[in-house]
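**Q** As given, the protein sequences belong to chains B and G, one line each in that order. When we follow this note's numbering, the leftmost residue of the first sequence carries the number 26, and every step to the right adds one. When we follow this note's numbering, the leftmost residue of the second sequence carries the number 422, and every step to the right adds one.
The reader is advised that the hints may include incorrect statements.
Here are the simulated BS3-like pairs of lysine-lysine, each with C-alpha atoms no more than 27 Å apart in a straight line [unchecked claim]:
(1) G/Lys604 / B/Lys120
(2) G/Lys964 / B/Lys197
(3) G/Lys664 / B/Lys197
(4) G/Lys596 / B/Lys147
(5) B/Lys162 / B/Lys105
(6) G/Lys809 / G/Lys664
(7) B/Lys197 / B/Lys168
(8) G/Lys599 / B/Lys120
(9) G/Lys664 / G/Lys680
(10) G/Lys599 / B/Lys162
(11) G/Lys599 / B/Lys151
(12) B/Lys147 / G/Lys599
(13) G/Lys809 / B/Lys197
(14) B/Lys197 / G/Lys657
(15) G/Lys664 / B/Lys162
(16) B/Lys119 / G/Lys599
(17) B/Lys168 / G/Lys604
Some chain B residues judged to face chain G by a derived CB distance under 10 Å, without partners named [stated by the list, open to error]:
(18) Pro148
(19) Met166
(20) Asn216
Hints are computed from structural coordinates only; laboratory data are not their basis. Where is the CB? At the ideal position from N, CA and C, for every residue including glycine.
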Amino acid sequence: MFADYETEEQQVEAIKTWWEKNRLPIIGGAVLGIAAIFGYRAWDDSQTEARRAAADQFQAVAEAESLAQMETLASPLIAKGDFYGAGAAMIMAKKAVEAEDYAAAIGHLDTAEAALNNAELKPLVKVRKARVYLAMKDLPMAKQALPQGPEAYAGVIAEIKGDIAYAEGDLKTAYDLYDQALQSGKAVVSNRQLLTIKRDQSQAAFTGEQ
Amino acid sequence: MLTSLRDTIKGSRVIGIAFVVIIILAFASFGLSAYLSGGAGEAVAKVNGEEVDQAAAAREYQSQRARLQQMFGGQIPEQFSNTAIYTQAVQSVASRKVVDQLADSLGIGVSDSQLAESIRSTPAFQADGEFDKARYDAVLVANGLTAPGYEAGVRTDLRRIQLVGVLESSAFTTKAEKQLIAKLSGQQREVAWVKLSASALEVESPTEDEIAAHYEQNLSQYMEPEAVKVEYLRLKLADFEAKQAPTADEIEAHFDQTKDRYQTTERRSISHILLELDSDASDEVYEAKREALLALKSQLDSGADFAELAAANSQDVGSAEQGGSLGEFERGALPAAFDEVAFSIEAGVISDVVRTDSGVHLIKVDSIQAPVGKSFDEVRAEVEADLKRVNAEAAFAELSGQLANSAYENSDSLGSVADELNLSLQTSEFFSRSGGSDLAASQAVRAAAFADDVYLNGYNSELIEIEPNQDVVVIRLFEKRPESQKALGEVKDTVVAQLTAQAQTEALAELKSEALAALRESRESMASLAEGQWGELSRAIAKRQGANIDRVVVEAAFSAAAPADGATVYVEAGAPSQAYLVAVERVIDSEPTTAEIDSVVFGADSNVAIDAVNSAASIEINEAAIVKITQ
């Protein structure tokens, strides 16, 4: 490469010719590249900004003083259907449960379930729905709402199935399910002590006729 | 030079290419080295393929160590190896990262106002309860952090907290759940019970045949463990003390050395007038200064005030302002020549001229605080005892050192050590690994006796401290006695006791099941059982959490079937040696109050979701890298 030219003039000449031939694509490429970098950064900034704005909006929902205010503040978040929307709906569901408005709670949980696109978090919403149906004494819907997994939910699912069986009056099944939840070593809805009480109560009742 | 270089390169294609390659390598490796020295080696863990922050893991490790140290009062027990603690730290950093990644993928953000609020409310950055920017900067610098770096870290933390916070704050407990738990927790049961111990039962004594058969079948239970007899040289501090007989002079000398234990020391307030003088000044100069001081002294003798003269003439500026006063001293605190004079003249007298490295002085003792405390005669006995102890300790330390050395050097014999040090060689009784008397009461001695050096190789032991600095011994194997079978005669009592206990337990089990069947079939009542062998009849209303009655009864009562109205459910409980029969006569349902119902709140089910997220993640812990860091 160095040996191809005799003098510097020849080198300069060669470079000039090369530049004449190639300058358009080079300048074009550079402009495109720079535009892409700035474009990406602007997009990234706007994403970050959007996230930050959503975080502020969500905080306002969580701190809302009345249910009505909460609904007003939450509706734009819910409309977007992201995690904040799901979170807002979940918090509204809690408020509805506290007010014993179970139908509304189910509605909010449905919204949250649709918005939450994560295989590990979605079952949490389903589990909560099943518990609200249980509170409504709608056992078939409670069964239907329960998730199938994943494994970390095994204790919770067994306990709720036990609650359903208990409500159906099938104490033998309830006992087995509560026991299964206790043996699973996984976290449960209530806690181990209360779950043991529920299990023993089922045992006491189903062995009553000896 | 550059021109010739250029020509060479232009002249040869090969050299030119080589030159370019060298330059590329130089730049490339320069870049690489920045990475190699900056990042500390391999990643300790990867979460879903992403490396965890090494510095965060190191910080977590330090704080876990600190926590353990606090928990165990300063010293971390050996079973917590550094590697184990580090692994634990890496695990918790990794599971935080799992949630961080999830928060990121869910599009969770932290607004500037949330970030500012969090930083402003951090106590470490506050002065007088207010956020202090200067303090913030100082704390970051002190921890080797930059503001953007720290703020990015806080944002990450806040995102994680937000995610978990949404799951937690939306958790609820339904009314139905609260009611059920409140009702069950408050339930009470009316119970009656009787109990019986196995040891209270009379059973037939085992026959000779049974005893022999049991012995034959359980020979391994009746072994005399292997034992050793050792010979030993033992030093006890108490023996050394008894041998001490210090003379009266020695006791008095010891009193003088340790006076301050019994007496306060003499203290003197001292003033001086100094005329400075180099230590290598000529005799003429010295004479001149001396004369000047003597002139001052004669003024003082004719009634002039020392303080005024000192203030006017002393070249020790510090003390001159105080009227020459240097303050209070014990003997030995001042330069030797000065000290000697200052502690020999009487109070109020002006000394002759004294020369020190600083110059020439006139010294005056303003006041003397005489020593107070007990006189030698009063504490003589105490001093003598102390001297004996000190001498004994010295002798003990010396001889135990000799013993340790000599026992090591003559590792094949203890007799020669005894001769050399003029000690008497003693022999112990037989003792086993697990216990013995006298010398063998010490666990350290037993351990040494059965250690390979002594037990297998037959060497002298090292110096064993039965009690450090008070009681030490060197042992040597004298005789081994292997494990042996104990004769039936020796262990007959034990065999009889075991067989009897076994028979009692069996009898109790039978009695219990018979009585339970009789109760269930209404052939017996609790009252009729109580009249028989089953002791006193107790009654109570059992509460689940109640401590008023036996837990065995409470647990049996609440895991038993609930009786129908007017019926009674009987259950058994207890251990093989202690049987209970419990009658559940009535279930008293509770009517929980609103407050009781409201107080039922379940543990957040959000833990389950976080568990699920963690188990779905791929966390690779690099154990080799952790071992490398912690070693």
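**Q** Evaluate each hint against the coordinates.
**A** Tested hints:
1. G/Lys604 / B/Lys120: Cα-Cα ~24 Å, so holds.
2. G/Lys964 / B/Lys197: Holds - the C-alpha atoms of lysine 197 of chain B and lysine 964 of chain G are around 24 Å apart, at most 27 Å.
3. G/Lys664 / B/Lys197: Not satisfied, since the Cα-Cα distance of roughly 83 Å exceeds 27 Å.
4. G/Lys596 / B/Lys147: 23 Å, holds
5. B/Lys162 / B/Lys105: It is violated: about 33 Å lies between the C-alpha atoms, which goes past 27 Å.
6. G/Lys809 / G/Lys664: The hint holds at about 9 Å.
7. B/Lys197 / B/Lys168: 18 Å, holds
8. G/Lys599 / B/Lys120: Satisfied, since the Cα-Cα distance of roughly 16 Å is no more than 27 Å.
9. G/Lys664 / G/Lys680: Holds, because 25 Å separates the two Cα atoms, which is no more than 27 Å.
10. G/Lys599 / B/Lys162: With Cα atoms ~14 Å apart, lysine 599 of chain G and lysine 162 of chain B stay inside 27 Å; holds.
11. G/Lys599 / B/Lys151: 20 Å, holds
12. B/Lys147 / G/Lys599: With a Cα-Cα distance of about 24 Å, the restraint between lysine 147 of chain B and lysine 599 of chain G holds, given a limit of 27 Å.
13. G/Lys809 / B/Lys197: 82 Å, violated
14. B/Lys197 / G/Lys657: Outside the cut-off at roughly 73 Å; violated.
15. G/Lys664 / B/Lys162: 93 Å, violated
16. B/Lys119 / G/Lys599: 15 Å, holds
17. B/Lys168 / G/Lys604: Holds. Lysine 168 of chain B to lysine 604 of chain G sits at ~24 Å (cutoff 27 Å).
18. Pro148: 7 Å, holds
19. Met166: The hint is violated - methionine 166 of chain B has no Cβ within 10 Å of chain G, the shortest such distance being about 14 Å.
20. Asn216: Holds - the Cβ of asparagine 216 of chain B comes within 10 Å of chain G, reaching about 5 Å at its closest.
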